[in-house]
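**Student:** Letter by letter, the chains look like this.
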Amino acid sequence: MTEDEFDAFYAAAFPRLTGQLYAFTGDRGEAQDVVQEAFVRAWDRRRDFLADGAPEAWVRTVAMRLAVSRWRRARRWLELVRRTPPPESTPGPESQHTHLADLVAALRRLPEAQRMAVVLHHLCDLSIEQVASETGAPVGTVKARLSRGRIALQRELGTEYAEFGEREDDRVR
Amino acid sequence: MSDDLTVGLRELAESAEQLPPSSGADVRRLAQRRRGRRRTIAALGGTAAVAAVALTLVLSLGGSGTGRQDMPATRPTGTLMRQPAPDAEVDLSSRLLKAGGRSMPVSSGFVRTPTPTGRMTVISKVVVTMVSGEVVGRPSDLRYKVPWVIRLRADDGRTTAVFGFATDETVPGVYDMTSGWIGLRTVDAKWLYDRLRTGSVVDIEGHAPAVPWAVPSA
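Those protein sequences? They're chains A and B, same order as listed. Take the first sequence: its letter number 169 is residue 169 in this note's numbering, and every next letter is one higher. Take the second sequence: its letter number 118 is residue 1118 in this note's numbering, and every next letter is one higher.
If you're looking for bench data, these hints aren't it; they were derived computationally from the structure. Fair warning: there could be bad hints in the mix.
[Said to hold, decoys possible] Ranges of calculated distance between the beta carbons of each label pair, as one might list FRET restraints:
#1 B:Arg1138 x A:Arg109: 24 to 34 Å
#2 A:Arg45 x B:Ser1015: 29 to 39 Å
#3 A:Ala54 x B:Arg1033: 22 to 32 Å
#4 B:Val1050 x A:Arg16: 44 to 54 Å
#5 B:Pro1084 x A:Arg46: 19 to 29 Å
#6 B:Ser1140 x A:Arg155: 40 to 50 Å
#7 B:Pro1114 x A:Arg109: 44 to 54 Å
#8 B:Pro1084 x A:Thr2: 23 to 33 Å
#9 B:Leu1096 x A:Arg148: 49 to 59 Å
#10 B:Gly1036 x A:Thr2: 36 to 46 Å
#11 B:Met1130 x A:Arg45: 24 to 34 Å
#12 B:Arg1195 x A:Glu56: 26 to 36 Å
#13 A:Arg73 x B:Gly1133: 17 to 27 Å
[To be verified] Covered stretches of chain A, as calculated for chain B (at least 3 residues, CB under 8 Å):
#14 17–27
#15 55–61
Where is the CB? At the ideal position from N, CA and C, for every residue including glycine.
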């Protein structure tokens, strides 16, 4: 990948990736930070990055791992300085758009692993096998996380998203 | 993609898409600078290791007389590892940010939400962004636009940012009331925004005064 190709890839993929990371982290600034850092690492390790064959997926995986590790580090630090620890998982998206408020509120209540599986599968359009590969979890675990996540969301959202467990393409179990 | 959840998630993600805060060239430059720094540290580490081995050999060979082996100070290593001068310095105690010979008043983190200190690097810049009210000392359920945001990160992952305190220009230099970010008067924030680049170094020292107002010198 030449410098010009990298610059074009950065300009094209950055907005999409910040949107996806926002759905996972719930913080626009954090999403921007981790995506930017992932791109810096991509250029720094471009041999690995290009060998992967899916550069955008590589950047997204690095950004998601950065988001998780930063949250856990911040949480440990807060536990040290406070008596009352913060929640167990990353807080999830904030409500900023009235018509999406219910979905946002439901996502906030999902455990981190379930939210990551839901975002990768339903938003980033990865197959269950690809989600398993990206998260390092067995396929069965990913299926269970997706199933529990969908059930939890369906319970929270009622009829509005009632059909979201019934996707017809062959990627959904 | 007839799935309602997919549609909802895509709508949410699209609503949060952001333009890149810098160019691809800036990203490449930062990556190259980091690689250079790693190589320098590795080279210095190697040199120090060789020097330590040589020193140990000299001492073990020449020290057979009295058995006394006073170790020299390790000053040379400290000299080699001296850090470069920062592009800007923030002194939280005096509520001042100094850069390019200019001194600007700041408002930093409230007592319960102190601004992180230490050496920070500029990781991105954005002309304007939305923040929670906590950032500007207002209720957290409100959101405000703040201009000239310079995001900073330390090597250990702690982050903060410098921004234009557009909601109340009288606060910098007088009160510390942010959630940890460093607020400048808008005109100062724009000046600094134009001056610092991705990869610039900012040193943050001290801690916010215990009293919420500046104490005049005697």
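**Student:** Any of the earlier hints contradicted here, and which numbers?
**Tutor:** Hint check: 6, 7, 10 and 15 fail, others pass.
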